[in-house]
Amino acid sequence: MSTERANQLPAGETSCAHCALPVPDPRIVPGGGDQFCCHGCETAYRLIRSCGLDAYYSFVDTDSPTRAPVGDTEVTYDELDRSSFAARYVRDHGDGRLSCTLALEGMHCAACVWLLEKLPRLVEGVIEARVDWARSTLHVTWCAESCRVSQIARTVAELGYRPHPVHEDTAQARGDAHARRQLVQIGIAAAAAGNNMLIATALYLGMFSAMEAGVEEMLRLASCVVGLVSVAGPGRVFMQGARAALRTRTPHMDLPIALGLGVGAIAGLVNTLRGVGEIYFDTLSVLVLLLLVGRYVQSRQQHRAADAVRLLKRLTPPIAHKRAGERWVDVPSEIIEVGDVVEVRVGEAFPADGRITQGKTTVDQSILTGESRPIPVAVGEEVSAGMLNLSAGVSVRVDAVGANTRIGKVAELVESASSRRPAIVQWADSIGAKFVVVVIAIAAVTLAAWLALDPAVAVDHTVALLIVACPCALGLATPLALSVAVSRAAKRRILIKGGDVLQRLSRPGTIWLDKTGTLTMGRMSVVQWHGDLEVRPQVAALERHATHPVARALVAFAEANGDAMAAAPDAVEQSDQGGIVGRFGVRELVVGSRRFLASRGTAMDSDILARSEAILAGGHAPVFVARDGVTIAVAALGDPIRPDAKPAIERLRRDGWVVGIASGDHPDIVREVGRSLGLPPEQCHGGLTPQDKVELVTRDRAAVMVGDGVNDSAALAAASVGIATHEGAEASLRAAPVYLARPGLQGVLELLAASRSTMRTIRRNLAVSLVYNSLAVGLAAFGLINPLVAAVLMPLSSTSVVGSSFLTRWRSPTP
Amino acid sequence: MSVLFIALPIALVLGAIAVFAFVKAVRTGQFDDLDTPAARVVFDDADIAGPGRH
Chain A
0 MSTERANQLP AGETSCAHCA LPVPDPRIVP GGGDQFCCHG CETAYRLIRS
50 CGLDAYYSFV DTDSPTRAPV GDTEVTYDEL DRSSFAARYV RDHGDGRLSC
100 TLALEGMHCA ACVWLLEKLP RLVEGVIEAR VDWARSTLHV TWCAESCRVS
150 QIARTVAELG YRPHPVHEDT AQARGDAHAR RQLVQIGIAA AAAGNNMLIA
200 TALYLGMFSA MEAGVEEMLR LASCVVGLVS VAGPGRVFMQ GARAALRTRT
250 PHMDLPIALG LGVGAIAGLV NTLRGVGEIY FDTLSVLVLL LLVGRYVQSR
300 QQHRAADAVR LLKRLTPPIA HKRAGERWVD VPSEIIEVGD VVEVRVGEAF
350 PADGRITQGK TTVDQSILTG ESRPIPVAVG EEVSAGMLNL SAGVSVRVDA
400 VGANTRIGKV AELVESASSR RPAIVQWADS IGAKFVVVVI AIAAVTLAAW
450 LALDPAVAVD HTVALLIVAC PCALGLATPL ALSVAVSRAA KRRILIKGGD
500 VLQRLSRPGT IWLDKTGTLT MGRMSVVQWH GDLEVRPQVA ALERHATHPV
550 ARALVAFAEA NGDAMAAAPD AVEQSDQGGI VGRFGVRELV VGSRRFLASR
600 GTAMDSDILA RSEAILAGGH APVFVARDGV TIAVAALGDP IRPDAKPAIE
650 RLRRDGWVVG IASGDHPDIV REVGRSLGLP PEQCHGGLTP QDKVELVTRD
700 RAAVMVGDGV NDSAALAAAS VGIATHEGAE ASLRAAPVYL ARPGLQGVLE
750 LLAASRSTMR TIRRNLAVSL VYNSLAVGLA AFGLINPLVA AVLMPLSSTS
800 VVGSSFLTRW RSPTP
Chain B
0 MSVLFIALPI ALVLGAIAVF AFVKAVRTGQ FDDLDTPAAR VVFDDADIAG
50 PGRH
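Listed in order, the protein sequences are those of chains A and B. Counting from 0, one number per residue, gives the positions in the first sequence under numbering that gives the first Met the number 0. Counting from 0, one number per residue, gives the positions in the second sequence under numbering that gives the first Met the number 0.
Derived by calculation from the structure, the hints in this document are not laboratory data. Wrong hints could be hidden among the right ones.
[To be verified] Between beta-carbon pairs, the in silico distance windows are:
hint: 1; chain 1: A; residue 1: S486; chain 2: B; residue 2: L13; range: 28 to 36 Å
hint: 2; chain 1: A; residue 1: S145; chain 2: B; residue 2: G28; range: 48 to 56 Å
hint: 3; chain 1: B; residue 1: P8; chain 2: A; residue 2: Y295; range: 55 to 63 Å
hint: 4; chain 1: B; residue 1: D32; chain 2: A; residue 2: M564; range: 51 to 59 Å
hint: 5; chain 1: A; residue 1: V444; chain 2: B; residue 2: I5; range: 25 to 33 Å
hint: 6; chain 1: A; residue 1: D33; chain 2: B; residue 2: G28; range: 35 to 43 Å
hint: 7; chain 1: A; residue 1: T200; chain 2: B; residue 2: F19; range: 18 to 26 Å
Note that CB positions come from ideal geometry on N, CA and C, so glycine has one too.
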């Protein structure tokens with residue numbers, strides 16, 4: 000039963016047997032044995048063990064940043080058994096087997112793959128389950144008579160992966176087909192390049208010693224045939240791109256490449272038929288291969304980012320209950336329109352944005368705001384697509400559907416950002432196009448000049464010039480440098496979507512930091528206690544029943560001071576208005592914020608009030624304790640500032656960034672934190688709503704926002720570069736182009752350093768290729784380049800630029 | 000006569016066969032998912048066959 004797992008929790012904290020995250024004190028079951036942080040984890044653990052799949056725990060990657068407790072969900076999956084669902088999502092193989100694909104939340108490591116593919120052992124009737132890790136989907140095949148979709152979905156959910164059926168996504172299918180076509184082209188190009196290089200080696204070796212004329216001719220012919228296959232087959236895409244660029248008169252990288260390939264192929268063909276002269280097919284084949292590989296790598300990266308975003312679109316339910324006259328009918332969510340009335344039952348997600356027309360319930364807003372505390376909503380209040388309905392069925396009049404919902408808009412933002420070609424790549428393309436115009440001009444002049452001087456060599460020299468003036472360095476190096484930077488960042492737990500980020504971060508601008516969790520530890524602790532000391536054990540006894548971080552801090556404080564254990568309260572009432580009430584015998588104890596106490600009509604002792612003002616001025620949050628209607632104590636709660644925050648901020652300012660704080664916390668607290676970090680008060684904004692943050696961030700054109708991804712999604716999406724920290728990867732990456740899996744500012748510093756060094760590499764690559772090209776063109780124009788030299792120089796420039804991209808050094812910046 | 004006259008065309012034909020096999024593999028979806036197989040490497044289980052709980 001015992002499994003090896005690195006337990007990095009501080010002493011005194013118990014870890015959940017399933018997810019290894021800390022178990023809050025109220026949930027600890029005395030008497031030893033396995034502890035769980037939530038009911039969901041307990042269910043998952045027992046389910047896994049009951050089928051003998053304990054090995055899961057030895058596979059699990061405890062360092063994965065996306066681990067999370069299973070959570071308590073009451074979502075039902077019975078709707079998946081309906082025929083309308085089956086018609087859309089389930090494929091019938093005709094021999095009694097059915098299959099469908101489910102998108103899963105919460106997959107984070109190889110152990111999840113292992114566990115999910117063992118589904119046949121967990122659910123009777125399932126024949127096969129295959130995971131697609133990159134897309135977070137599970138493809139299940141089952142026997143129609145032995146089990147139902149709802150069983151499968153429920154089991155998967157119990158294991159901790161919330162399932163959603165996959166919508167028919169034409170964009171994704173097109174992307175897949177495109178990737179396959181690219182791979183086929185690369186395969187052909189690679190075979191051609193490899194074979195051509197072998198033939199070329201033979202030919203080069205034959206230059207220095209005698210070669211039978213027949214053999215040489217055959218080798219040249221073979222090289223020509225393979226080379227033409229390469230240019231006319233996989234190379235066709237460049238010709239098409241060039242033709243399109245000419246027609247629309249836009250600069251595009253394909254123009255110079257097509258020119259080089261075309262001229263080289265024609266000249267080579269002519270020389271093969273003539274029997275003398277240089278043939279260039281080896282270089283052409285390798286060039287085609289390198290360029291295609293570069294493009295493939297780049298497009299795969301973009302697709303991967305788009306896939307992560309598509310998960311967002313799947314998080315709205317596929318089936319909605321629409322009112323039609325007197326009855327309710329089940330319809331696919333896509334056909335819901337504005338003005339329809341839909342019924343949302345307990346455990347279902349809202350299919351669209353709207354207002355409640357009947358009933359009242361509590362909802363889980365975590366998809367949008369990160370608040371997983373239940374929020375009550377009643378008639379007339381707004382709800383959004385993706386929110387979970389927790390306690391009661393309600394009717395909703397739809398205000399917005401699909402792409403117009405709040406969640407749809409965030410998805411659109413992210414998707415459009417990642418599909419655009421990064422600006423720097425577009426710029427490099429346009430330089431390449433201008434370059435080719437210059438080269439053609441020089442070639443024309445060269446041709447004319449040599450025709451006048453020595454007609455025999457005129458064509459050779461011009462061809463050599465055109466071959467040698469290869470801008471492929473431009474076409475390949477910039478995207479490659481970006482790709483290398485992004486994948487290196489990923490190894491350091493900095494996840495980047497799209498190359499734009501690196502370019503934008505290389506120049507200093509304004510950077511807004513969130514307070515809680517980024518600048519502070521994110522953990523509350525009691526800093527001071529004023530007032531009645533004897534009530535402290537009772538406060539701790541009361542707060543043990545809450546899971547709020549304030550409660551934990553109060554309990555920890557009492558324990559740290561060695562307070563004796565008090566008897567548990569007779570009755571406890573937790574409110575989501577910011578407080579908790581308990582009854583001890585006949586006495587009533589209230590602990591909470593000032594607003595909470597005021598709402599209960601509690602009298603405020605003047606001394607306690609004065610103390611609380613002092614606490615606020617000191618940058619901490621006051622929590623009041625009242626007994627029988629009168630305040631008797633106040634505790635100052637603070638969130639300690641991270642030790643690395645101040646040096647990091649100083650480093651940022653040294654590098655030229657204007658640093659500010661943007662937080663939803665009380666303005667006094669924010670200003671105090673800013674003061675201790677050396678920031679001027681006008682740069683420290685507190686009390687901001689998510690909308691305020693968006694306005695703040697869009698005020699300057701180049702503002703970077705670092706925030707808690709789930710709460711600040713709108714601001715992160717609106718900023719020039721949004722950097723999300725320390726929440727679950729899925730929720731953050733939806734909104735922000737960058738996600739740091741490590742807490743604190745060190746990751747931000749590394750990212751900025753990486754951006755600068757990547758831009759330096761790109762500029763270096765461009766400089767090198769321009770210098771090389773100028774030299775080469777110059778030499779060729781004067782007839783000083785031997786065609787053999789030309790054939791060697793051309794791939795040399797590409798490989799040197801590629802090599803320099805990989806050699807970018809990445810030093811960890813010390814603040 | 001150089002053996003190359005025979006060897007070279009054969010080599011090219013073999014290469015073409017390899018390309019053909021590769022293209023077939025791509026078209027039947029073998030290369031669609033390059034990430035999950037990397038995760039499966041660590042598993043040493045034999046069978047997934049058979050439903051039923053213990």
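Consistency of the hints with the structure:
Between A:S486 and B:L13, the C-beta spacing of about 35 Å keeps the proposed range 28 to 36 Å intact. For the hinted restraint 48 to 56 Å between A:S145 and B:G28, the CB-CB distance of approximately 27 Å leaves it violated. One distance hint, 55 to 63 Å for the beta-carbon pair B:P8 and A:Y295, is violated here, with the actual separation near 30 Å. Our hint of 51 to 59 Å for B:D32 and A:M564 holds, since their Cβ atoms are close to 55 Å apart.
Look at A:V444 against B:I5: about 48 Å separates their beta carbons, and that is not inside 25 to 33 Å. A C-beta distance of roughly 42 Å is found between A:D33 and B:G28, which places it inside the suggested range of 35 to 43 Å. Separation of A:T200 from B:F19 is about 25 Å and conforms to the stated range, judged on CB atoms against 18 to 26 Å.
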